[in-house]
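*Asks:* Build the full structure now, drawing on both the sequences and the hints.
Same order as they appear, the protein sequences are chains A and B.
So the first sequence is numbered by our numbering: it starts at 62 and just counts up by one.
So the second sequence is numbered by our numbering: it starts at 445 and just counts up by one.
Derived by calculation from the structure, the hints in this document are not laboratory data.
If you're wondering where the values come from, they're calculated on a predicted model, not measured in any experiment.
Fair warning: there could be bad hints in the mix.
[Stated by the list, open to error] Heads up, simulated SDA-like pairs for lysine to any residue below, C-alpha to C-alpha not over 20 Å straight-line: (1) B:807 <-> B:743; (2) B:611 <-> B:472; (3) B:611 <-> B:469; (4) B:543 <-> A:69; (5) B:543 <-> A:70; (6) B:942 <-> B:556.
[Said to hold, decoys possible] Chain B stretches covered by chain A per the calculated footprint, using a threshold of three residues with CB under 8 Å from any CB of chain A: (7) 529–536; (8) 607–621; (9) 719–728; (10) 932–944.
[Unchecked claim] A short, non-exhaustive set of chain B residues, derived as facing chain A with CB atoms under 7 Å: (11) 522; (12) 525; (13) 657.
Glycine is no exception: its CB is placed at the ideal position from the N, C-alpha and C atoms.
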Amino acid sequence: MSQADENSDSGAVPLFGTWRNIYTAVVVVIVLMIGFVYAFSRFPY
Amino acid sequence: MSTLDWTVLSVYLVCIVSFGYWVGRGNRKVDDFFLAGRSMPWWAVGLSVMATQISAITLIGTTSQAYNDGMRFLVVYFALPFAMVILCMTLVPFFYRAKVTTAYEYLEQRFDLKTRTLMSLLFLLQRGMAMGVTLYAPSLVLSTLFGLSEPLTILVMGGSTMLYVMKGGNKAVIWTDVVQMGVVWTGIFSCFFMAVHNLPEHVSFRGALAIAQTAGRLNATNLDTSLETPYTLWSGLIGGLFLMLSYFGCDQSQVQRYLSGSSLMQSRLSLLFNAFFKVPMQFIIVLTGVLVFVFFNFQEPPALFNSAARAQFAALDSPEKTAAEAQYKAAFETRRSAALDLGIARSAASEQTYQAAQADFAKARTNVATVYKAATHTESYNDVNYIFLHYVLTQIPHGLIGLIIAVIFAAAMSALSGELNSLATTTMIDFVRRYRGVGTEERDMFLSRMFTVLWGMFACLVAMQAGKLGSAIEVVNRFGSYFYGSILGVFMLAVLTKKASGTGVTLALFVGMASVALVATFTKVHFLWWNVVGSVAVFVVGYGLSLVFPQAAKPSAAATP
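*Replies:* See the structure below:
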């Protein structure tokens, strides 16, 4: 990948394809993580 | 510590300093020294960003805090991934397009010289003092536990870090951070597995969590909406978001790490790496602290974790001391028995019995501290930073102890190296080069190294005096909280509005800090919300004042939204 691509918003992002996909993945992962911590702290052990 | 532990620690120190010195040997230009020639891969920068944020006291303090208060502190990190996404979409591209070395350099392109100079000065002042605390806190704990001289511990940590940062600049900082993060992760996972392994035979992992939950140690998501309640989910998500945006977007110690990426993509990926891994890592750290709490339900913990205080208490000869000790031992035995019942078979009755026993035990522990304070005329006693290391020194096998102490050194040195390099860079770029002009590569390299040494000496001096400064340290930390939000407000005006002017934002910065000071003094609003107050005050007032005092010169096209 060229330096110009790496400095633009439209260049391909490794693994996720686009920046929009990787940002969405981050948000989904943290929402799931918060949900996990919520369940973890309230589960009747 | 045994000879094996000292050997592990010594080998670590020699290797990391030699590695830092070796990896930074190719520095010829100032750009190499400050931004590692803008050639770093995202994963190395990502680990370095993570390492700079984890100081030694974060590590030993967070686990110990989990022992005392549970997992509630975790909410502070919930906003970090959101902050990373916002920064990748807003500030980071601006920094790249403006081709800056420091975050404050960008402010001159967007506003004017006075805004840049004021913000750089604030950074130098706050980060310089905070660096002293970064060095002092672990040195105090380590010197107390090992009976070492405090200045010696400070000099070993500070001096060795200074040595490789001076030689290798940012490249040495980043590559040593990568190694140090490896050491830190190994140590954290070892402690976690040892904490699980050390649970009593009859108590399963699930039973341990039942005990922790009944004791209120799994309280990670408090949904209380009061602004005064510490560490609620809302203060973590909203207040924490402003704090993280300010720390990662406006603090040169972080900005400099990701500006070392070889492209905008590499810098963004380094931040998103943190977005994915930071919360799980902190979860493991606080859970380790919680498991240490469960472990000390079955093995009697000292009433005073600070070994120096414990020795003083043991030397006391008074009926109050004897009574407090007897009460503590009886309360521990009652709680141990209740914890065993609860850990093996949970029921409403066993929960109630345990909660009552836990409350009595907490009272007995407080009583010992009260007797100690009265007998030794000590005004306040807080041993929170000693809990985790006491566990490490008494319950972890030899060899591994040396590794954990190396982890503490690694965390302290990685935070310190990033701070040291960023302070030297800001001094050089925002003051020397800005006011005295760009010199020859040789002159500027020499000056950059000299400023690294001077800031390193300053950190050691502050750390050595920190014990005497007492509440001044608290003032410094509080001062930092006062203006984190306000600084973010300035950058928000820079990237979100076209009309903001240098005079408007400079005046608003003071209004923002004054607003936070008022909220902090006259209300009980939790400090995480202060960041929101500062940012909003600066943004609103700054925008209004900018309409009254419009920008005189047109800002650079690359710096405007």
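*Asks:* Work down the list of hints and note, for each, if the structure agrees.
*Replies:* Status of the hints after comparison with the structure:
1. Note on residue 807 (chain B) and residue 743 (chain B): the hinted pairing holds, with a Cα-Cα distance of about 18 Å set against a maximum of 20 Å.
2. For the proposed pair residue 611 (chain B) and residue 472 (chain B), the alpha carbon gap of about 11 Å is at most 20 Å, so the pair holds.
3. At roughly 7 Å between alpha-carbon atoms, residue 611 (chain B) and residue 469 (chain B) fall within 20 Å of each other, so this suggested pair holds.
4. The suggested pairing of residue 543 (chain B) with residue 69 (chain A) holds, with an alpha-carbon distance near 14 Å, which does not exceed 20 Å.
5. Only pairs whose Cα atoms come within 20 Å are accepted, and residue 543 (chain B) paired with residue 70 (chain A) is accepted, the gap being roughly 17 Å.
6. For the given pair, residue 942 (chain B) sits about 14 Å from residue 556 (chain B) by alpha-carbon distance, which is consistent with the 20 Å threshold.
7. For the region 529–536 of chain B, the stated coverage by chain A is satisfied: 3 residues place a CB nearer than 8 Å to a CB of that chain, which reaches the threshold of 3.
8. Given a C-beta distance limit of less than 8 Å, the hint that chain A covers the region 607–621 of chain B is violated, as 0 residues qualify and 3 are needed.
9. Coverage of the region 719–728 of chain B by chain A holds in this model, with 5 residues showing a Cβ closer than 8 Å to a Cβ of that chain against a need of three.
10. Only residues whose beta carbon comes within less than 8 Å of a beta carbon in chain A count, and the region 932–944 of chain B has 0; fewer than three means the coverage is violated.
11. For residue 522 (chain B), the suggested interface contact is upheld, since its CB lies about 6 Å from the closest CB of chain A, less than 7 Å.
12. Taken as an interface hint, residue 525 (chain B) checks out: its beta carbon lies about 4 Å from the nearest beta carbon of chain A, inside 7 Å.
13. Look at residue 657 (chain B): its Cβ gets to within about 6 Å of chain A, closer than 7 Å, so that hint holds up.
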